[in-house]
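Q: Using numbering that gives the first Met the number 0, read the sequence shown as starting at 0 and increasing by one per residue.
Simulated from the structure, these hints should not be mistaken for lab results. Even for Gly, the Cβ is constructed at its ideal location relative to N, Cα and C. Treat each hint with caution, since some may be false.
[As the list claims (entries may be wrong)] Pairwise CB distance ranges (calculated):
| # | residue 1 | residue 2 | range |
| --- | --- | --- | --- |
| 1 | D62 | Y89 | 30 to 40 Å |
| 2 | Q358 | Y89 | 27 to 37 Å |
| 3 | R434 | N131 | 41 to 51 Å |
| 4 | E193 | H26 | 26 to 36 Å |
| 5 | K124 | K432 | 42 to 52 Å |
| 6 | H402 | D62 | 39 to 49 Å |
| 7 | K73 | N131 | 48 to 58 Å |
| 8 | K41 | P94 | 16 to 26 Å |
| 9 | E365 | G278 | 27 to 37 Å |
[Claimed, not checked] Each computed DSBU-like pair below joins lysine-lysine, with the alpha-carbon atoms no more than 35 Å apart:
| # | residue 1 | residue 2 |
| --- | --- | --- |
| 10 | K203 | K23 |
| 11 | K375 | K292 |
| 12 | K292 | K104 |
| 13 | K255 | K173 |
| 14 | K16 | K108 |
| 15 | K419 | K104 |
| 16 | K432 | K173 |
| 17 | K255 | K419 |
| 18 | K104 | K138 |
| 19 | K108 | K194 |
| 20 | K203 | K41 |
| 21 | K40 | K138 |
| 22 | K108 | K138 |
| 23 | K234 | K44 |
| 24 | K71 | K23 |
| 25 | K110 | K41 |
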Amino acid sequence: MENIREIALDTLLALEKDGGLSHKIIHNVLDKYDYLDPRDKKYLKRLTEGTLERRIELDHYLDHFSSVPVRKMKPLIRNLLRMSAYQLLYMDSVPDSAVCNEACKLAEKRKFHSLKGFVNGVLRKIAREKENLPMPDPKAEPVEFLCVKYSMPELITREWISEYGPELTETMLKGLLEVHPVSLRVREGVTAEEKASIRESLLKQGISLENSECDENVFLARELDGLDDVREFEKGLLTVQDVSSVLAVKMAGIRKGDFVIDACAAPGGKSILASELAGDEGRVICGDVSDKKTMIMQENVERMGRKNVEIRTWDARMPETDLLGKADVLLLDVPCSGLGVMGKKRDVKYHASEEGYVQVEALQKEILNGAWQYLKPGGILLYSTCTIRAGENRDAVEWILGHLPMEPVSLADELPDGVKGAVAKEKSARTEKARPWEDCCVQLLPGLLSADGFFFAKFRRKTDA
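Hey, can you work out the whole structure from these sequences and the hints?
A: In structure tokens:
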């Protein structure tokens, strides 16, 4: 176990030093150590992701029990204490005494012999006080309490409280920390019998499944370690696509024979679904900004056997002249702050900043300014983000209606029954006054549905523009 802990420690150090995206770095680490026993790989993944996800909470306890503030600790000691504290509080497979002893051994091995006593003392204090850990007073310091309890930066917590109030904010924060199932979408066009057969086969392969309340063709899978050996995935009968993204594409109303453009398409899930909905007589052209992204898209398109999809590398801000005015449907899932997918990408919250918000909102407008021109008069624009911010969502709708030749299209009667209740709760909790075009957009929130936080809005290009 000590070797696994050292790999986890090095991963956390790399994340702190380089500031890379955690889900990519952890994926690369697991690939590098693919020879490990599956149980060890699972332990490594949980330890690194959990420590990262709970960092604010862990630092709060460390600051309380340590004579040295976390920010002044040596990086190795800081991350060693964080991951050991996470083990003590959230992983019970190793006794507390063993966690403390292994942390001391690892400190010594990494040339911090003089700090063994410090490490041991801090961790044993946490172990002794596990049932009585210090927390901010929820009445006197309600924002700080939520920040620590759910390990969420103050910037995000305050913004959500301002937008939705403390009760729904806590529901969202709690939802983001829950174990997230993997959304497996069954290929469009399969019969009910075929879908039942796929489900039975997955169950026999040891995959626990639930039906999604958002879409009848989506299974929510738990205890899923990977899909490489899942036969239905290899055959192109299944793909991984969060049900929020599935719902957004279906709300675009793609019909057989439609010409669809997906301008910010990686990793290709929306494009593949669009191609299935448009049928063999339809056509999808999709792209993204780098060859690396489009290569991933190509792999997914080929695995799913889609022949009516063309992939290009492009900058969505610069429209392809041969496509202007031709699309029946434009899918525009723009770059965003990603606050809706923090349950999967644990470090997104630590990169959030006011400056970053301003930059991403400006980029979204640049993409909209270029990409809308793909639509033919009367064509449909489906704008979406995987975030929970008015500045990138409802404010963007306001901007689209004020600057582009678009009119809102109501979604009120189009949503599945399983989604309507969550949408109603979001709208009723929102502190902002309703805007006149509200029915054209939907904000999905974590904690209300088994789905990512996601936003989408539907528009039609005016026929006289």
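Q: Now look at each hint and say whether the structure bears it out.
A: Results for each hint:
About 18 Å separates the C-beta atoms of D62 and Y89, a value inconsistent with the hinted range of 30 to 40 Å. For the hinted restraint 27 to 37 Å between Q358 and Y89, the CB-CB distance of approximately 35 Å keeps it satisfied. Checking the proposed 41 to 51 Å range against R434 and N131 shows it holds: the Cβ atoms sit about 47 Å from each other. A C-beta distance of roughly 32 Å is found between E193 and H26, which places it inside the suggested range of 26 to 36 Å.
For the pair K124 and K432, the supplied restraint of 42 to 52 Å holds, since their beta-carbon distance comes to about 49 Å. Separation of H402 from D62 is about 47 Å and conforms to the stated range, judged on CB atoms against 39 to 49 Å. At about 29 Å, the CB distance of K73 to N131 disagrees with the hint of 48 to 58 Å. Between K41 and P94 the beta carbon distance is about 19 Å. The supplied range of 16 to 26 Å therefore holds.
For E365 and G278, the Cβ-Cβ distance of about 33 Å falls inside the hinted range of 27 to 37 Å, so the restraint holds. With a C-alpha separation of about 30 Å, the suggested pairing of K203 with K23 holds against the 35 Å cut-off. Under the criterion of a C-alpha separation no larger than 35 Å, the hint pairing K375 with K292 is consistent with the structure, at around 27 Å. Simply put, K292 and K104 have alpha-carbon atoms about 42 Å apart, too far for the 35 Å limit, and the pair is violated.
A hinted pair counts as satisfied when its Cα atoms are at most 35 Å apart, and K255 with K173 does not qualify at roughly 41 Å. Simply put, K16 and K108 have alpha-carbon atoms about 20 Å apart, close enough for the 35 Å limit, and the pair holds. Between the alpha carbons of K419 and K104 the distance comes to roughly 54 Å, so the proposed pair goes past 35 Å and is violated. Distance restraint check for K432 and K173: the Cα-Cα separation of roughly 26 Å lies within the 35 Å cut-off, and the hinted pair is therefore satisfied.
Using a Cα cut-off of 35 Å, the hinted pair K255 and K419 holds, with the two alpha carbons roughly 26 Å apart. Restraint check: the Cα-Cα separation between K104 and K138 comes to about 41 Å, which exceeds 35 Å; the hinted pair is violated. With a C-alpha separation of about 53 Å, the suggested pair K108 and K194 falls outside the 35 Å cut-off, and the hint is violated. Between the alpha carbons of K203 and K41 the distance comes to roughly 21 Å, so the proposed pair stays at or under 35 Å and holds.
About 41 Å separates the Cα atoms of K40 and K138, which puts this hinted pair outside 35 Å; it is violated. Between K108 and K138, the direct Cα distance comes to roughly 44 Å. Violation of the 35 Å bound is thereby established for this hinted pair. Taking the CA atoms of K234 and K44, the gap is near 28 Å; set against the 35 Å cutoff, the hint holds. The hinted pair formed by K71 and K23 meets the criterion: a straight-line CA distance of about 28 Å does not exceed 35 Å.
Distance check on the hinted pair: K110 and K41 sit about 28 Å apart at the alpha-carbon level, within 35 Å; holds.
Of the numbered hints given earlier, the model fails hints 1, 7, 12, 13, 15, 18, 19, 21, 22; all others are met.
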